[in-house]
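Protein chains: 2
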Amino acid sequence: MAMRARGFLLLRGGLGRGLARAPGVAERAWRGFGSSSVRHEAIIISGTEMAKQIQKEIQQGVESWIALGNRRPHLSILLVGDNPASHTYVRKKIKAASAVGICSELILKPETVSQEELLDVTDQLNMDPRVSGILVQLPLPDHVNERTICNGIAPEKDVDGFHIINIGRLCLDQHSLIPATASAVWEIIKRAGIETFGKNVLVAGRSKNVGMPIAMLLHTDGEHERPGGIPRLITADMVREGAAVIDVGINYVQDPMTGKTKLVGDVDFEAVKKKASFITPVPGGVGPMTVAMLLKNTLLAAKSIIY
Amino acid sequence: MAMRARGFLLLRGGLGRGLARAPGVAERAWRGFGSSSVRHEAIIISGTEMAKQIQKEIQQGVESWIALGNRRPHLSILLVGDNPASHTYVRKKIKAASAVGICSELILKPETVSQEELLDVTDQLNMDPRVSGILVQLPLPDHVNERTICNGIAPEKDVDGFHIINIGRLCLDQHSLIPATASAVWEIIKRAGIETFGKNVLVAGRSKNVGMPIAMLLHTDGEHERPGGIPRLITADMVREGAAVIDVGINYVQDPMTGKTKLVGDVDFEAVKKKASFITPVPGGVGPMTVAMLLKNTLLAAKSIIY
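From first to last, the protein sequence lines stand for chains A and B. Its first residue numbered 1, the first sequence is counted upward by one per residue in the UniProt record's numbering. Its first residue numbered 1, the second sequence is counted upward by one per residue in the UniProt record's numbering.
Derived from the structure by calculation, the hints contain no laboratory data. Incorrect hints may have been included.
Which copy is meant is left open, so a pair is good if it fits within one copy or across any two.
In the DSS-like style, the derived pairs of lysine-lysine whose C-alpha atoms are separated by at most 25 Å in a straight line are [claimed, not checked]:
#1 Lys92 <-> Lys260
#2 Lys208 <-> Lys190
#3 Lys208 <-> Lys92
Isolated chain A (complex conformation):
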């Protein structure tokens, strides 16, 4: 999965907004993580160096947390089967945890373990006050539903951030436990002082574990709630020949001729309809369909089709 911020320029001395948002960090990125500063060559961001820095911060956080008389953070890792890559990843996580003063325990289960048995384990870990974080190393065997297991972990202990509630909170820009890989990309961008607000970003890869969470983090970068629609926001010159245009705008404007208020969308309907292949009018487009879909949802709910 590669990510590209188009039109981003190599800034000298400071990294603009990025620097303003994370003072010091950007410069540290520049000096510490920048192993190359030759003109026309990229600054190679060393994740290894950045991770060392973060682990120092975590270690300090752990110690001061314990100094306040709290229990030492504890990570329980559930590993199923003999996938060598999974075993390697888990070893790295355990090693790194002990390095920052986080205790961890490894629970090994054979490839043949049943889904019920795994849910029993997560239930016990959910209830165990010693356990602060639970991680189920993916992938799981085919006879186990990964989604069911991820949702079996208590959201507040779901350190991989894959529980449906953590994903929902992430997508709604609420505080949540963020999937570690997406969080890693985000942290690299912030600490290197790379500016993303208002930039075009290509997230190549649409997996639900990595691509989607990264896209959502970038989607909620800065303001995302803006004042409703704007009449004629979308003009014909913005629309390619043969495009399909669906207008969800709702604006009440006063007719200069009659003086009456009338309902219009965000699209310059008369001009755009000459270029588009499909177009929905306002009123009489998305509005009535919205009501219909609400009723469809009500029927689905009555029939308990979803839940």
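Add chain B to chain A, keeping to what the hints say.
Showing chain B alone in chain A's frame:
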């Protein structure tokens, strides 16, 4: 909020994949909903006509559901304050509900109602077996947290699809109750036979109630889980001068010289680093950062900062 499918062509006779996916419907869209078919002019999709068709289908669904001895679907609408637009919307919903044989009840509360009182109402409706769907008309007064109220509705009765669990399920491409406006846009696209798979779609508007759900519906249109990374998927010619490139790829390849297997990402590192402003290597980029962020999550969980 306007949506554009770039490079979409006006198809004659049939609507290709769209037709294949929804036989009949596309043609119906063409004849029934297409009030204009003059060359170089868009087909105006009448949401009003499409909604009538869907409401017929819902009415039949309701009747056959009842014919099986089930209780008639019931929609409870909670309306707070005197916002005239909200009252208009609610009237439309009640009228449309009765037209398809869905009973509805309107619960009116004054602008001054407390959040606790509203949660008591939703609790009662959640427990009431007569109630199949619950809708809280937004916006709510400033002293009430809309998110808290939306999450106070039982997910299985959340016909507006705003509960955190319904949003999470939507984003993970699982069956869920989908927000009505996003669902309306989706249904218009499908019934008109507009093909979106593999197309560029611009969702103008990033609200969490409309823009984000629509983007997620389109994001999960077709396969989204693809085989991991591909070495040198991202070549220098794809990267604009000064771009920031973060490589999340993990590929084990055999070195033609030494014959040893080595780890590489998805980016042609040596070539791309000459054009990019920032780049992360593999190994030593996102990998170690991912482990660090996992530990950070564990500390957050231990400190109960999120939940």
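So, going through the hints one by one against the coordinates:
no., hint, verdict
1, Lys92 <-> Lys260, "between (69 Å within a copy, 22 Å between copies)"
2, Lys208 <-> Lys190, "both (22 Å within a copy, 23 Å between copies)"
3, Lys208 <-> Lys92, "within (24 Å within a copy, 37 Å between copies)"
Checked against the numbered hints above, the structure violates none of them.
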